[in-house]
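A.B. asks: Take the sequence shown: its position 36, counting from 1, is numbered 35 in numbering that gives the first Met the number 0, and each next residue is one higher.
In case anyone wonders, no lab produced these hints; they're calculated from the structure.
One or more hints might be untrue.
Label pairs and their in silico Cβ distance ranges [said to hold, decoys possible]:
(1) Asn236 x Asp299: 24 to 32 Å
(2) Gln72 x Val321: 30 to 38 Å
(3) Gln165 x Lys294: 32 to 40 Å
(4) Gly171 x Met350: 24 to 32 Å
(5) Ile297 x Gly142: 48 to 56 Å
(6) Glu286 x Asp98: 30 to 38 Å
(7) Gly176 x Val130: 29 to 37 Å
(8) Ser166 x Ala343: 43 to 51 Å
(9) Pro168 x Leu354: 32 to 40 Å
(10) Ile297 x Asp76: 54 to 62 Å
(11) Lys239 x Ile319: 29 to 37 Å
(12) Pro168 x Lys60: 35 to 43 Å
Simulated pairs of lysine-lysine, DSS-like, Cα-Cα distance not exceeding 25 Å [claimed, not checked]:
(13) Lys345 x Lys108
(14) Lys134 x Lys209
(15) Lys116 x Lys167
(16) Lys359 x Lys348
(17) Lys157 x Lys116
(18) Lys238 x Lys301
(19) Lys157 x Lys137
(20) Lys174 x Lys80
(21) Lys82 x Lys175
(22) Lys384 x Lys359
(23) Lys174 x Lys160
(24) Lys63 x Lys108
(25) Lys167 x Lys82
(26) Lys60 x Lys116
(27) Lys167 x Lys140
(28) Lys174 x Lys239
(29) Lys345 x Lys105
(30) Lys167 x Lys105
(31) Lys157 x Lys175
(32) Lys63 x Lys80
(33) Lys359 x Lys260
Beta carbons: idealized from backbone N, C-alpha and C, even for Gly.
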Amino acid sequence: MLARSVLGRLAVSSGPQILRSIAIAGGRCCAMPLASAIYKTRSFSSTSPSSMKGLLYYGSKNVKYSEDAPEPQIQDDNQVKIKVAYCGICGTDLHEYLDGPIFFPKEGKKDKISGFKLPLVEGHELSGTVVQVGKNVKSIKVGDKAVVEASGHCSDRKYYKDTVEQSKPLCGACKKGMPNICRDLSFLGLGTASGGFGEYIVYGADHVVKVPESIPLDIAALVEPISVAWHAVERANFKKGQTALVLGGGPIGLATILALKGHEAGKIVCSEPALLRREFAEKLGAEVFNPMDHKDAIGDLKALVPETEGFDASFDCSGIPVTFSTSISALGAGGTAVNVAIWADKPIKYMPMCLSYEEKFATGSMGYITGRIPLDAAKMMITGKVALKDTVSVGYKNLIEHKEKNVKILVSPSA
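Based on the provided sequences and hints, a complete structural model is requested.
C.D. replies: Structure below.
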């Protein structure tokens, strides 16, 4: 569950001058058509007693804006209904659009946690205001600002008694207290429930965290990606003073820099070809490296940390074969490579002896459990805001085709 300490830290740090003074680069997104991938529809049928605006996912490159999406309703006394203020476009959303379904259930199949089928409303990095609570909910009340820990795991089946079997036992990971790697892991906005690219969401109260009044809701929407980054650094067993390589300067890469600063890292290097993202990484305190300017990128990266002949830890936040390979090859002896990126379900070439020769470690990181995060500079990651109907034609298009000018674009379902 999302730690309250994340928001406590944010409440203290949301006012520094850097949040007010850093210009939002690339924030003016121009509307452009996107090959009929999206269109308005009013024909979506729903058993819900009321409808809302929502971005419905049907499959790869098949996402539709609707003004008749089913508005979710509280079905359990322990659920909470939230009016969405902002929802970030995540790299996972883009992967689902380009290569999915990945987390979403396949066509004709059901989500293993909720029993829901496509189409479903996308979006999981959200913030908003509580508008209704179940009668058993005491942790939050109507009118509170809130964020949501979006994962869906074994114990969440209890919220979907009418649509999924209740007798299924907890999986091995959930029994071990590791719900973020549940065997049937899913997410709000990726299969388990209607997501933040709609006007409202309904989710279990144990996934909802109150946001202090001092924190603006656009900043609160960044808690989810930074929690992901914090968990990734924890997965590396990272120690104070160690060196780190971050591959990719997108939202998760920048969030990983923040998390490394919170862990009192030594030298942090961000490898990123896009100028705007390198500039952001520098403002967060990382040394930057443009791999396109180097014939021997791995050798030149290792030369930046001559004492250990490679980095203590690396974090692949890009998810392409060359960054995966670099994340291992650029390590020093005994270093740890963490895959943070979400990949399409496709194999890549891999050289096991790259690990064995120097006893390196390679591991993965999925979601998050807890964290304490330095968010002094979080707002700088927001490079644009779009209305719900423009999510694909403007937001997705800019992040796919013009990522050198964009980092995090927020969707405002109520705009």
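A.B. asks: Next, verify each hint and record whether it holds.
C.D. replies: So, going through the hints one by one against the coordinates:
{"no.": "1", "hint": "Asn236 x Asp299: 24 to 32 Å", "verdict": "27 Å, holds"}
{"no.": "2", "hint": "Gln72 x Val321: 30 to 38 Å", "verdict": "47 Å, violated"}
{"no.": "3", "hint": "Gln165 x Lys294: 32 to 40 Å", "verdict": "59 Å, violated"}
{"no.": "4", "hint": "Gly171 x Met350: 24 to 32 Å", "verdict": "30 Å, holds"}
{"no.": "5", "hint": "Ile297 x Gly142: 48 to 56 Å", "verdict": "53 Å, holds"}
{"no.": "6", "hint": "Glu286 x Asp98: 30 to 38 Å", "verdict": "32 Å, holds"}
{"no.": "7", "hint": "Gly176 x Val130: 29 to 37 Å", "verdict": "32 Å, holds"}
{"no.": "8", "hint": "Ser166 x Ala343: 43 to 51 Å", "verdict": "34 Å, violated"}
{"no.": "9", "hint": "Pro168 x Leu354: 32 to 40 Å", "verdict": "35 Å, holds"}
{"no.": "10", "hint": "Ile297 x Asp76: 54 to 62 Å", "verdict": "56 Å, holds"}
{"no.": "11", "hint": "Lys239 x Ile319: 29 to 37 Å", "verdict": "31 Å, holds"}
{"no.": "12", "hint": "Pro168 x Lys60: 35 to 43 Å", "verdict": "37 Å, holds"}
{"no.": "13", "hint": "Lys345 x Lys108", "verdict": "21 Å, holds"}
{"no.": "14", "hint": "Lys134 x Lys209", "verdict": "17 Å, holds"}
{"no.": "15", "hint": "Lys116 x Lys167", "verdict": "19 Å, holds"}
{"no.": "16", "hint": "Lys359 x Lys348", "verdict": "18 Å, holds"}
{"no.": "17", "hint": "Lys157 x Lys116", "verdict": "18 Å, holds"}
{"no.": "18", "hint": "Lys238 x Lys301", "verdict": "19 Å, holds"}
{"no.": "19", "hint": "Lys157 x Lys137", "verdict": "18 Å, holds"}
{"no.": "20", "hint": "Lys174 x Lys80", "verdict": "28 Å, violated"}
{"no.": "21", "hint": "Lys82 x Lys175", "verdict": "34 Å, violated"}
{"no.": "22", "hint": "Lys384 x Lys359", "verdict": "41 Å, violated"}
{"no.": "23", "hint": "Lys174 x Lys160", "verdict": "21 Å, holds"}
{"no.": "24", "hint": "Lys63 x Lys108", "verdict": "20 Å, holds"}
{"no.": "25", "hint": "Lys167 x Lys82", "verdict": "32 Å, violated"}
{"no.": "26", "hint": "Lys60 x Lys116", "verdict": "17 Å, holds"}
{"no.": "27", "hint": "Lys167 x Lys140", "verdict": "32 Å, violated"}
{"no.": "28", "hint": "Lys174 x Lys239", "verdict": "31 Å, violated"}
{"no.": "29", "hint": "Lys345 x Lys105", "verdict": "16 Å, holds"}
{"no.": "30", "hint": "Lys167 x Lys105", "verdict": "21 Å, holds"}
{"no.": "31", "hint": "Lys157 x Lys175", "verdict": "19 Å, holds"}
{"no.": "32", "hint": "Lys63 x Lys80", "verdict": "23 Å, holds"}
{"no.": "33", "hint": "Lys359 x Lys260", "verdict": "23 Å, holds"}
Hint violations for this structure: numbers 2, 3, 8, 20, 21, 22, 25, 27, 28, all remaining hints satisfied.
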